[in-house]
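Chemist: So the protein sequences, as listed, match chains G and R.
Each residue of the first sequence is one higher than the one before, starting from -3 at the first, in my numbering.
Each residue of the second sequence is one higher than the one before, starting from 350 at the first, in my numbering.
Don't take every hint at face value.
So these bits of chain R aren't anywhere near chain G, every CB distance computed over 10 Å [said to hold, decoys possible]:
hint : residue
1    : Tyr352
2    : Asp372
3    : Ser397
4    : Gln441
5    : Asn469
6    : Ser472
7    : Lys473
In silico DSSO-like pairs for lysine-lysine, Cα to Cα no more than 30 Å straight-line [as the list claims (entries may be wrong)]:
hint : chain 1 : residue 1 : chain 2 : residue 2
8    : R       : Lys355    : G       : Lys268
9    : G       : Lys314    : G       : Lys375
10   : R       : Lys427    : G       : Lys207
11   : G       : Lys63     : G       : Lys101
12   : R       : Lys427    : G       : Lys375
13   : G       : Lys12     : G       : Lys132
14   : R       : Lys355    : G       : Lys314
Worth flagging that the hints you see were computed from the coordinates, not collected in a lab.
Glycine included, each C-beta is placed from N, C-alpha and C at the ideal position.
One letter stands for each residue in the lines below.
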Amino acid sequence: MSLKLPIYLDNSATTKIDPRVLEKMMPFLTEEFGNPASRSHSFGWTTDKAVEHAREQVANAVGADSKEIIWTSGATESINLALKGAANFYQDKGRHLITVKTEHKATLDTMRELERIGFEVTYLTPETNGLIDLSKLASAIRADTIIISVMYVNNEIGVIQDIKAIGSLCREKNIIFHVDAAQAIGKIDFSLENLQVDLMSFSAHKCYGPKGIGALYVRRRPRIRLLAQIHGGGHERGFRSGTLPTHQIVGMGEAFAIAKAEINKELPQIKKLRDKLLTGLQSIEEIYINGDMEHRVPHNLNVSFNYVEGESLIMAIKDIAVSSGSACTSASLEPSYVLRAIGRNDELAHSSIRFSLSRFTTEEEIDYTVKLLNEKVAKLRDLSPLWEMFKDGIDVSSYEWQEHGERDIILHN
Amino acid sequence: MSYSNKVIDHYEHPRNVGALNKDDPSVGTGMVGAPACGDVMKLQIKVSDSGIIEDAKFKTYGCGSAIASSSLVTEWLKGKNLDEAQMIKNSQIAEELELPPVKIHCSVLAEDAIKAAVANYRSKH
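Here chain G stands alone, though its shape is the one from the complex (with noise of 0.2 Å):
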């Protein structure tokens, strides 16, 4: 088989989607068109069934019922709707909330958003493997603390967090507990009825079905309230209003309902792909890898390659697509929040490069990426006066860099 370039290893921003689900969700986008909600019609009766059918897949992969299943639009929606609900029903109970520097800007923004109206949230610093301190947790706990909100999973550098410990933790201090699994389906084989989450997110484009498709799960038992933030057609049983994109859901129950089934084929397969990865890119001199290796998932790949500035390191790698720390590639001039929060310095946040494999990934293409990655980055130290000074043995950390106040004037003229 030839290999095609480019290779594709950013499936934490996006996975293909998977033929199967594919094929599952076209009729629906042909002649299958009903809507789910029309009750008189066996146009409606048709879709309304694949939702339900889709609904079950889902539940059954996670471990819950699916009448604890709520369609959203993705994980982002779910979020919100999970945070600003809940926060907004129990806030009677108290206007504390707590979460950590590393989630995604999903769960920050939303947490911002609260605090612009209220309520008070402490933000905990994990430690510089990217896991949270159990104690440290605990001890950020008020008696006003209504939600803690922990992702299962890392978008960034794949560590996977102590789930079931802190949903113990939770439950015993009667918090509500939201954990965002966006990068958890397919990555672990976790069941909610072993974890004492009350809310769970979900997204379907980061496990091979399609995107603009995602659900929250709302516990049952004990019973989860919240206050909906869309309005309208009462769907979801008012939780979440608006017509059901029938292909979309059919798709995701398709892809959740896949990655259960081969989760424990896939895991073994992807993790010996990554450690090749992982041992190709260790006879390159100075690199750093993010995140713990141990509590991790196998899809992912994290490295700083030290002295190699992250965008022109992606420009010279363009045969492969990644992700970058790097500031560069944004207007900001701030590098990756989550590896600054994990103590990573400016230069290495800035040189990061986040491989992430797929069940599609091939083992050509991490031959062909290590090779890549072992030309290129040599290439560019040639290029870097801070490699030169590393190897004059010059400390380019305590080096007097010239800052440059000026240049942000200069740049609005």
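With the hints as your guide, set chain R onto chain G.
Modeler: Using the frame of chain G, we list chain R on its own:
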């Protein structure tokens, strides 16, 4: 981020990469930027007895636009005298490389590097 063909050309085939002896009295060295900001440029000029820049070398840590900006100025500097060198403006660099607004700072840094290299040379004389 999409780059102009000129940026890609300089990035893939950078001109005048390397180092000159910074202790040589005929060499001026300028290093500007900071790793924390994502770009550092080291620009060196070798000046003849008659005051003409006869060689220029650079090393740059930074994005493609930063590498291209410094590569371009090493080409422009050769054959100029120091006063002419200091006339090079960031806007000329940005225009030549068709830098988008978000990358203008790379051209500013290249201009700063020229000034720093010239100042370093002058401080030796």
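Chemist: Hint by hint, say whether it matches the structure.
Modeler: Evaluation of the provided hints:
| no. | hint | in the structure |
| --- | --- | --- |
| 1 | Tyr352 | violated, 8 Å |
| 2 | Asp372 | holds, 13 Å |
| 3 | Ser397 | holds, 25 Å |
| 4 | Gln441 | holds, 14 Å |
| 5 | Asn469 | holds, 13 Å |
| 6 | Ser472 | holds, 15 Å |
| 7 | Lys473 | holds, 19 Å |
| 8 | R/Lys355 <-> G/Lys268 | violated, 41 Å |
| 9 | G/Lys314 <-> G/Lys375 | holds, 14 Å |
| 10 | R/Lys427 <-> G/Lys207 | violated, 53 Å |
| 11 | G/Lys63 <-> G/Lys101 | holds, 28 Å |
| 12 | R/Lys427 <-> G/Lys375 | holds, 24 Å |
| 13 | G/Lys12 <-> G/Lys132 | violated, 38 Å |
| 14 | R/Lys355 <-> G/Lys314 | holds, 17 Å |
The structure is inconsistent with the numbered hints 1, 8, 10, 13, although it conforms to all the rest.
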